[in-house]
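Engineer: Given chain A, work out where chain B should sit, using these hints.
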Amino acid sequence: MAGDVPTEKDAVPPAEAPLVPASPPLEQLAIAGEAAAGTTGAIPGSPALERARTIVVYGLLFGIAALYFVPFLWMISTSLKTLPETAHFSLLPKHPTIDAYREALTTFHFARYAANSAGLAATITAVNLFLCSLGGYAFARLKFPGREALFMAVLVTLMIPDQLRLVPIFVKFSEWGLLGHYHGYVFVKLASATQLFLMRQYFLTIPRDLEEAAKLDGAGYFKTFWRVMLPLAGPALAAVAILEFEGAWNDFFWALIIFNTAPSHYTLPVGIFSFVSEYQTLWPQLMASTAIAVAPIAVIYVFFQRYFVAGVASAGVKG
Amino acid sequence: MEAATATNAAQTKSIGGERLREALVGYAFIAVPMLAYGVLFFYPIAYAIYISRYDWGVLGKVDSRGWGNYRELLHDDRFWIAVENGLKFAAAFTVFSMALGLFVAVVVNNAVRWRGFFRSAFYFPSIASSAAITAIALYVLSRDGLFNRITGLDHAWFGESGTALWALVGLNSWTTSGTVMLFYLAYLQSIPTDVYEAAAIDGAGAWRTFWKVTFPLLKPGHFFVSTLMVIGGLKMFDQAFIASGGNGGPNNATLVPVLYLYRVAFADVRFGFAAAVGLALMLLMFTLTLVQRLSFGRTEAA
Chain A
5 MAGDVPTEKD AVPPAEAPLV PASPPLEQLA IAGEAAAGTT GAIPGSPALE RARTIVVYGL
65 LFGIAALYFV PFLWMISTSL KTLPETAHFS LLPKHPTIDA YREALTTFHF ARYAANSAGL
125 AATITAVNLF LCSLGGYAFA RLKFPGREAL FMAVLVTLMI PDQLRLVPIF VKFSEWGLLG
185 HYHGYVFVKL ASATQLFLMR QYFLTIPRDL EEAAKLDGAG YFKTFWRVML PLAGPALAAV
245 AILEFEGAWN DFFWALIIFN TAPSHYTLPV GIFSFVSEYQ TLWPQLMAST AIAVAPIAVI
305 YVFFQRYFVA GVASAGVKG
Chain B
349 MEAATATNAA QTKSIGGERL REALVGYAFI AVPMLAYGVL FFYPIAYAIY ISRYDWGVLG
409 KVDSRGWGNY RELLHDDRFW IAVENGLKFA AAFTVFSMAL GLFVAVVVNN AVRWRGFFRS
469 AFYFPSIASS AAITAIALYV LSRDGLFNRI TGLDHAWFGE SGTALWALVG LNSWTTSGTV
529 MLFYLAYLQS IPTDVYEAAA IDGAGAWRTF WKVTFPLLKP GHFFVSTLMV IGGLKMFDQA
589 FIASGGNGGP NNATLVPVLY LYRVAFADVR FGFAAAVGLA LMLLMFTLTL VQRLSFGRTE
649 AA
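Sequences listed follow chains A and B, in order.
Residue numbering for the first sequence follows our numbering, beginning at 5 and increasing consecutively.
Residue numbering for the second sequence follows our numbering, beginning at 349 and increasing consecutively.
Just so you know, the hints here were simulated from the structure itself, not pulled from any lab data.
If you're wondering where the values come from, they're calculated on a predicted model, not measured in any experiment.
It is possible that part of the hints are untrue.
To be verified - Derived contacts from chain B toward chain A, CB cut-off under 8 angstroms, selection only: (1) E370; (2) Y375; (3) F377; (4) A384; (5) L388; (6) A396; (7) I475; (8) S477; (9) L530; (10) D586.
What the hints assert, rightly or not - Each computed DMTMM-like pair below joins lysine to aspartate or glutamate, with the alpha-carbon atoms no more than 20 angstroms apart: (11) A/K219 with B/E370; (12) A/K176 with B/E370; (13) B/K409 with B/E420; (14) A/K147 with B/E370; (15) B/K409 with A/E179; (16) A/K147 with B/E366; (17) A/K219 with B/E366; (18) B/K436 with B/E420; (19) B/K436 with B/D550; (20) A/K176 with B/D403; (21) A/K227 with A/D213; (22) B/K409 with B/D425; (23) A/K227 with B/E366; (24) A/K147 with A/E216; (25) A/K176 with B/D616.
Cβ coordinates follow ideal geometry from the N, Cα and C atoms, glycine included.
Chain A on its own, in the form it takes in the complex (with noise of 0.2 angstroms):
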């Protein structure tokens, strides 16, 4: 299972409040629907009645996908398209084009928020794989002083709804001059609770023999912990970046709080909210905007899905 991010090792409740009763085991979450075939819970019975069963099972599994995807394939289309062809509707567009991305891309700036939506999820990415890992190990392998209580506070932070901290942020942020900058923005999303938590439970469960082996050897703790621990981490490491750049990728709260007065600084999501007051009916354009903000995340998840399954007990439902 060295592949798997463990999450339940010890009593520690999982992410969200703690009035939220358990969620279910991550190791579960993470087998259900691969490994597990034969124990679908499907009632034996006679063949005919099984085929039945099966064409009924897979006609709403497409009937399903279809529904959850065309609206994405509609924005893929319509992304194709000029304004006059989206009168008619057409999946396919008659006259494919990339015009629409041209424009989103020079006239309205998405090329702008492009790139700084990607280079505050990457500098906001790499700030938390190194905190939260550093933090994680610490809370789980060295002993000091209110440790125990340190790491509560660590778990309560998780219950602070964002709506409770907008005003005095707000108020502080701009006392402090971090308002429509990046570093303000990186501050405000500065280690995760929640990816400090899953490193934490991660390094918990690395045996502890090699970190005595480099203790033995003379390593201090930084290089023990850089040298030997971090390599054995990289299941954890990959979950921790794949949600933290989704995370940063996606977000439009702060992001707005954040940027609000200075457009340069837009990332896509608020850039697409700004497009959508402006310009709401230029449909082509705004969808192609909308796949440029879709597809490096469509992306990834077709890569590396096992690790956006590992972060959904921790993250719960976004807003």
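Structural biologist: This is chain B only, laid out in the frame that chain A set:
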């Protein structure tokens, strides 16, 4: 084993300050995150309480209001509209996203082949950006959009006060159903197969088996998911904000609690009052969660 313990003890003694060193290194490793949590989470709570007692404008403190902001809140029509919208949305969203998510989970769970593929596919809307999803919905649900075209209906779904909130319910239920499905799949996997075999021996059909066996056995799942959905529903902001151009219209139909808070802070520029709104909303959420917990606890005992 004993020898190892002995050397360990000897080491600790010989190094002497090693414990102190370890503690200092520990504090250093967690320093930046803890500082960030202090500044970004704990201090803001205290500061929100402080601000909420003042008339606080763009330039800062104007006047002390005591509990005035809270009293005003109780008599503010828009606040109650927002609370009503929030509760309506959260209730409908919880029901629809859970029904849809459970339905999809059961179907996926019955698939033998390509189960992983379908599971991944149905989860995809959950991870796409809320802004992009809302933009697509604005287009599909516009008066001359795809939805009207297919169904033959004729509504500007986000533009009419009678339909706007329901359009948001539909949109969010669709995107969140993938998350709900993943949770239910995990719970479905934890139901032992012999329960189904027993039901089959009793001659129960698929429909009856679902309602008499599967559904009741999923109770921990219902509780877990519904708690998440109610809280998530009350916090919904992005979609309402984008769909209404930031004003909660038409005619306050999509003025959900967090959007109301945003309006008070940034359109009216009344930070003191907005801080009071934030605290009141948190109280509301905690109360609802408690009520849910207690009512589920009671049915469990019965």
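Engineer: Could you run down the list of hints and mark each one as holding or not?
Structural biologist: Here is how each hint holds up against the structure:
{"no.": "1", "hint": "E370", "in the structure": "holds (6 angstroms)"}
{"no.": "2", "hint": "Y375", "in the structure": "holds (6 angstroms)"}
{"no.": "3", "hint": "F377", "in the structure": "holds (4 angstroms)"}
{"no.": "4", "hint": "A384", "in the structure": "holds (4 angstroms)"}
{"no.": "5", "hint": "L388", "in the structure": "holds (7 angstroms)"}
{"no.": "6", "hint": "A396", "in the structure": "holds (5 angstroms)"}
{"no.": "7", "hint": "I475", "in the structure": "holds (6 angstroms)"}
{"no.": "8", "hint": "S477", "in the structure": "holds (4 angstroms)"}
{"no.": "9", "hint": "L530", "in the structure": "holds (5 angstroms)"}
{"no.": "10", "hint": "D586", "in the structure": "holds (5 angstroms)"}
{"no.": "11", "hint": "A/K219 with B/E370", "in the structure": "holds (12 angstroms)"}
{"no.": "12", "hint": "A/K176 with B/E370", "in the structure": "violated (35 angstroms)"}
{"no.": "13", "hint": "B/K409 with B/E420", "in the structure": "holds (18 angstroms)"}
{"no.": "14", "hint": "A/K147 with B/E370", "in the structure": "holds (7 angstroms)"}
{"no.": "15", "hint": "B/K409 with A/E179", "in the structure": "holds (12 angstroms)"}
{"no.": "16", "hint": "A/K147 with B/E366", "in the structure": "holds (11 angstroms)"}
{"no.": "17", "hint": "A/K219 with B/E366", "in the structure": "holds (12 angstroms)"}
{"no.": "18", "hint": "B/K436 with B/E420", "in the structure": "violated (23 angstroms)"}
{"no.": "19", "hint": "B/K436 with B/D550", "in the structure": "violated (41 angstroms)"}
{"no.": "20", "hint": "A/K176 with B/D403", "in the structure": "holds (16 angstroms)"}
{"no.": "21", "hint": "A/K227 with A/D213", "in the structure": "holds (16 angstroms)"}
{"no.": "22", "hint": "B/K409 with B/D425", "in the structure": "violated (25 angstroms)"}
{"no.": "23", "hint": "A/K227 with B/E366", "in the structure": "holds (16 angstroms)"}
{"no.": "24", "hint": "A/K147 with A/E216", "in the structure": "holds (15 angstroms)"}
{"no.": "25", "hint": "A/K176 with B/D616", "in the structure": "holds (18 angstroms)"}
The structure does not agree with the numbered hints 12, 18, 19 and 22 stated previously, though it agrees with the rest.
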